[in-house]
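Participant: Sequence:
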Amino acid sequence: MVLNESNQVNYLLNGFWNSVYFDHKACKTTNGSNELSSKRNLRLTIDGVHLNSNGAKIFKSVIDKQIHAITQIDNISH
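In terms of my numbering, the sequence shown opens at residue 7 and continues consecutively.
Check the hints yourself; a few may be wrong.
[Claimed, not checked] Computed spacing ranges between beta-carbons, pair by pair:
{"no.": "1", "residue 1": "A75", "residue 2": "A32", "range": "50 to 58 Å"}
{"no.": "2", "residue 1": "N81", "residue 2": "K45", "range": "40 to 48 Å"}
{"no.": "3", "residue 1": "A32", "residue 2": "N81", "range": "39 to 47 Å"}
{"no.": "4", "residue 1": "I82", "residue 2": "N47", "range": "39 to 47 Å"}
{"no.": "5", "residue 1": "Q78", "residue 2": "G21", "range": "47 to 55 Å"}
{"no.": "6", "residue 1": "K45", "residue 2": "S67", "range": "23 to 31 Å"}
{"no.": "7", "residue 1": "N24", "residue 2": "V68", "range": "15 to 23 Å"}
{"no.": "8", "residue 1": "W23", "residue 2": "N81", "range": "45 to 53 Å"}
{"no.": "9", "residue 1": "I82", "residue 2": "T35", "range": "44 to 52 Å"}
{"no.": "10", "residue 1": "N24", "residue 2": "H74", "range": "40 to 48 Å"}
{"no.": "11", "residue 1": "F22", "residue 2": "T77", "range": "39 to 47 Å"}
[To be verified] Computed list of lysine-lysine pairs in BS3-like fashion (alpha-carbon distance at most 25 Å, straight line):
{"no.": "12", "residue 1": "K31", "residue 2": "K45"}
{"no.": "13", "residue 1": "K45", "residue 2": "K63"}
{"no.": "14", "residue 1": "K31", "residue 2": "K71"}
{"no.": "15", "residue 1": "K45", "residue 2": "K71"}
{"no.": "16", "residue 1": "K66", "residue 2": "K31"}
{"no.": "17", "residue 1": "K66", "residue 2": "K34"}
{"no.": "18", "residue 1": "K63", "residue 2": "K34"}
{"no.": "19", "residue 1": "K34", "residue 2": "K45"}
It is worth saying that the hints were derived from the structure and are not from the lab. A virtual CB, placed ideally from N, CA and C, is assigned to each residue, including glycine.
All chains should be built: construct the whole structure from the sequences, respecting the hints.
Facilitator: Shown next, in the form of structure tokens:
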């Protein structure tokens with residue numbers, strides 16, 4: 007539902023190599039990944055694959071929950 011709420015931009019079609027080069031540069035700056043996402047009307051990634059800070063927080067949360075679940079099972083079995 008989140009993706010349906012915003013218009014996506016075909017930024018990559020306009021300049022693939024520019025995007026590859028400048029995305030790398032921009033993401034090295036403070037808040038660069040979030041600015042790229044905003045510019046492209048993306049919410050969780052900078053390009054549909056690489057996470058921005060919002061996407062990274064969700065990913066971290068999922069991984070943390072899985073690690074917690076595994077350690078709980080491991081503690082019960084020992």
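Participant: Could you see if the CB distance from A32 to N81 stays within 39 to 47 Å?
Facilitator: 43 Å, holds
Participant: Hey, K31 versus K71, does the alpha-carbon distance stay inside 25 Å?
Facilitator: Violated, at roughly 32 Å.
Participant: Do N24 and V68 keep their Cβ atoms within the hinted range of 15 to 23 Å?
Facilitator: Given range 15 to 23 Å: violated, Cβ gap about 33 Å.
Participant: Does the alpha-carbon distance linking K66 and K34 stay inside the 25 Å limit?
Facilitator: 20 Å, holds
Participant: Starting from the range 44 to 52 Å, see whether the pair I82 and T35 falls in it by beta-carbon distance.
Facilitator: For T35 against I82, whose Cβ atoms are near 46 Å apart, the range 44 to 52 Å holds.
Participant: Taking 45 to 53 Å as the hint, is the beta-carbon distance of W23 and N81 inside that range?
Facilitator: Once the Cβ atoms are compared, 51 Å apart, the range 45 to 53 Å for N81 and W23 holds.
Participant: Given the hint that K45 pairs with K63, test it: the Cα-Cα distance must not exceed 25 Å.
Facilitator: Given pair K45, K63 holds - Cα atoms ~20 Å apart, limit 25 Å.
Participant: Tell me if the beta carbons of N81 and K45 are separated by a distance inside 40 to 48 Å.
Facilitator: Given range 40 to 48 Å: holds, Cβ gap about 46 Å.
Participant: Range hint 50 to 58 Å: satisfied by the CB atoms of A75 and A32?
Facilitator: 36 Å, violated
Participant: Using the beta carbons of K45 and S67, state whether their distance is inside 23 to 31 Å or not.
Facilitator: 25 Å, holds
Participant: Regarding N24 and H74, is the given constraint of 40 to 48 Å on their beta-carbon distance met?
Facilitator: Distance hint for N24, H74 holds at roughly 42 Å.
Participant: Has the hinted range 47 to 55 Å been met by the Cβ atoms of Q78 and G21?
Facilitator: 48 Å, holds
In summary, the numbered hints that this structure violates are 1, 7, 14 and 15.
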